[in-house]
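Number of protein chains: 2
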Amino acid sequence: MTQEMYDTLREKLAETSDIGGVLSLLGWDQQTIMPAKGAAIRANRMATLTKILDEKFRSDDLGKLLDDLTEFEESMPFDADEASIIRVTRRDYKMNKLVPTELKVALMNASNQGYMAWVTARKESDFSKLRPHLEEIVRLGKESIAHVRAGDDSFEEDYDVLLHRYEPGLKSSEVTRVFDELKAATKPLVDRVRERESSIDDSLVHGTFPIDVQERTVLAVAKQLGFTDDAWRLDVTQHPFASSPGIDDIRITTRYHDDFLNPAWFGTMHEFGHGLYEHGVSKSLERTPLARGASMAFHESQSRMWENLIGRGRPFWAWGLPVLKRAYPDVFGSATEDDVYRAVNKLGPSLIRVEADELTYNLHIVLRFEIERDLFSGKIEVADLPEVWNRNIKEYLGLDVPNDAQGVLQDVHWGHGLFGYFSTYALGNVVSLQLWERIRQEIPTLDDQIANGEFEDLRNWLAENIHQHGRKYTPNELLKRVVGTERFDPKPLIAYLTGKVDDLYGV
Amino acid sequence: MTQEMYDTLREKLAETSDIGGVLSLLGWDQQTIMPAKGAAIRANRMATLTKILDEKFRSDDLGKLLDDLTEFEESMPFDADEASIIRVTRRDYKMNKLVPTELKVALMNASNQGYMAWVTARKESDFSKLRPHLEEIVRLGKESIAHVRAGDDSFEEDYDVLLHRYEPGLKSSEVTRVFDELKAATKPLVDRVRERESSIDDSLVHGTFPIDVQERTVLAVAKQLGFTDDAWRLDVTQHPFASSPGIDDIRITTRYHDDFLNPAWFGTMHEFGHGLYEHGVSKSLERTPLARGASMAFHESQSRMWENLIGRGRPFWAWGLPVLKRAYPDVFGSATEDDVYRAVNKLGPSLIRVEADELTYNLHIVLRFEIERDLFSGKIEVADLPEVWNRNIKEYLGLDVPNDAQGVLQDVHWGHGLFGYFSTYALGNVVSLQLWERIRQEIPTLDDQIANGEFEDLRNWLAENIHQHGRKYTPNELLKRVVGTERFDPKPLIAYLTGKVDDLYGV
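Line order of the protein sequences matches chains A and B.
Counting from 1, position 249 in the first sequence corresponds to residue 249 in this note's numbering; the numbering is continuous, with no gaps.
Counting from 1, position 6 in the second sequence corresponds to residue 6 in this note's numbering; the numbering is continuous, with no gaps.
The set of hints was computed from the structure by calculation and includes no laboratory data.
Warning: the hint list may mix true and false statements.
Remember, identical chains collapse to one label, so a pair may be satisfied in a single copy or spanning two.
Restricting the straight-line Cα-Cα distance to at most 27 Å, the calculated cross-link-like pairs of lysine-lysine (DSSO-like) are [claimed, not checked]: (1) Lys56 with Lys394; (2) Lys97 with Lys183; (3) Lys97 with Lys187; (4) Lys500 with Lys12; (5) Lys97 with Lys12; (6) Lys394 with Lys379; (7) Lys64 with Lys51; (8) Lys283 with Lys37; (9) Lys12 with Lys51; (10) Lys123 with Lys187; (11) Lys56 with Lys223; (12) Lys37 with Lys12; (13) Lys51 with Lys223; (14) Lys142 with Lys97; (15) Lys223 with Lys325; (16) Lys37 with Lys223; (17) Lys56 with Lys187; (18) Lys183 with Lys491; (19) Lys223 with Lys183; (20) Lys56 with Lys104; (21) Lys56 with Lys283; (22) Lys56 with Lys97; (23) Lys51 with Lys97.
All of these numbers come straight from a predicted model, not from anything done at the bench.
The following block holds chain A by itself, in its conformation from the complex (with noise of 0.2 Å):
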């Protein structure tokens, strides 16, 4: 009877995780291939399925089976599949539940009716044109907290029920006190790049790459980290992405510059960190709301490990440099490790996000952070956003914002309804390195694998203690199994970025 009960839930779920996997094909294809007339229907499509998605994931009888099934729940192992998908998924239903589906709606509107917005704004740097939307997502927002909070008491203020949405279970009082540590020893260190900004000569990666070339080279790389052609796709977008349709078919995108190496090269390892971990996911989970990431600060420390701990590490170049003098003779030709290394980690403050470097990537992040935080608790307004921006640029990074585009106005999250979402990428740096420390203590020798372009007991690694869970652990849960400390910790990541400027800029 139980097991029949189980096995219930489990057709369901297959039902919904059918839908969420077609959702994300649906935006893939969007995003990379789709002729741009069809996006009208399409933005129709991907709205019904949405709709039956959150119809069946909020129907009574689902409910009801959930809560018939907490004594079997009980009866297993806390990690066992059958206790994990009934927990997450309660987690996940209650969730759904206490947001009323005409607020869904009427924020999925504003978003879009927002990112349109946001398009001329930015194109314009015209901060007012996006103002009246973000005021309406705001409200919207609060509106969909309040619902939350009234039937959930688990949560110490609004701008958690915003995290829990990437960040199941964090809340805005431990990032606060992550993102302080980090920007105290940040800072300083930022002051020592400015002071020798010139020492490192990056006119390596400023070369001429020809973009059939690098298509060829960065679809090399990722198959010698792990792609493979029967279970994965490479394409093109402007923004890239990673998107898994299913736990064997994994679809990342990347972009190209044809006078700047850096794009294609790094941002398809970073997406490659994401899709292995999606390929990752045990089977026994596939058709779960489990198959997927634990959130979005481990998914990001999957990828950032790839772009940036392996990628921008020394041993690397010792296989990667090759490559790039057979792919690139002309540029590479009489290139040693230490210069291309130096180049690809060349540090110092700038206006854009997607181009800061691995140092000053968090303070862009812990601003936004800041201003997220500040404007859910009520402490500033949305019309005070490119104030506190510019002035806080100003303070963190020692920069004047010459306009809004290259200002407030540069990312699309916000005016797309995205607030809670940043944190989740400063904080997958902390996680990488956190894991980082414990990966080099179980294979000694990952250096000279590395160096030997041999990935393979790390994939091992990642996939027995991270990838094959899933979703069955949160993101604390998860960083205690494997690092013994539920806490997000910035020391390993403090540690390892002042040992990067020690090596670049001097002791």
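Fit chain B to the supplied structure of chain A, relying on the hints for placement.
Okay, now just chain B, sitting in the frame of chain A:
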């Protein structure tokens, strides 16, 4: 009140049509670009959406709405969007509801297993590997037909139910009449061609055609016909097809042989014809069950028109030869229009349907239709198929079938559960000539326009007279509107084929 009911109907149809459009995209992706290992989960995703679609399209709510709208429908002109949407949806709904879901699922499963068995059977040229699957498919098909006929007395015989799926309202007796006339007229033409087969040299199209040049060239041809980047895609598949995830999202595919011009060149023109049909459906029918072609024969009339009546006509090569000369100067440098015209029109019996010429193609279809009709009337059994096949190929085409792979096992259709479909290919040829006669009357300068690569008048005529209506009319109704008779008439096709044989092989 009535308007409100109609709006509710449109909302329901928008939802089902969105799911249908998504299924079309999922199928396109599956057959063109999906990583191989994505197949298993893709099958699940598609089955889930198919199930949701079937549920929604058999709901009592929808049935009641259609009943309640009868008076509203009757108050409107027959060809008004509103009346047509209600009328055609009701027809689909009734038909869908007559077959129990479990039987549909059983047929789908049998077809999937039949497909896999067919792959093996064809590879090993062993009909016995497919036979039990075909028997099961036919058994389930007959069961399904019995359900339909128990609830709908409009069919003359069992096989009509299968025809109706692809050709609403078409009767087996009408197909027999058309095909008997076509067969009687074609066989003597085939005999004439056989006597003088060597008089045509097609070595021109069996040259060296680098695939990248072919890709650029067929895309340029498609663009000349009406393909635009903002609403179309052209991709590669093993088995070319056209798909429309939306009226403004048309996706056609082709395949390239590096030693044979025809597959990509004529295949692209063929699929363009299908794509143009769905691209031309009135936007007022988007998100309804009417946003497709009237029937498979009407669809095929469009693809065959572009492939054969235009692409294999003399006037086309005035424009087409210079294209070939630029693309393949070594092959076509000294060729004349007549050389190319003759090469692409070489006739002669052959064993494989998809490689057959314009003349013998219809006999391949007649043979399949007769087998299907006799199978479902009980005159023959599945076990008789190879023998009947081989005997009729000998009689119709004068050829000996060396093995079942080149005989009864060559097509995927039956193994995949597609009975009733084949006729539409030859009926498409019939319709294309019925339409062509009318078009040539109404656009007297058509030949000159084609010779100049101008297709706008033709596209406009097709859009206005056929495409815009989508599925508003049954094929017989549409024929009546466009050519004045509701009957499929093979005479124009026979006259055309006779003229071609006269022209190519002498009177």
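Numbers of unmet hints, in rising order: 1, 2, 3, 4, 10, 11, 13, 17 and 19
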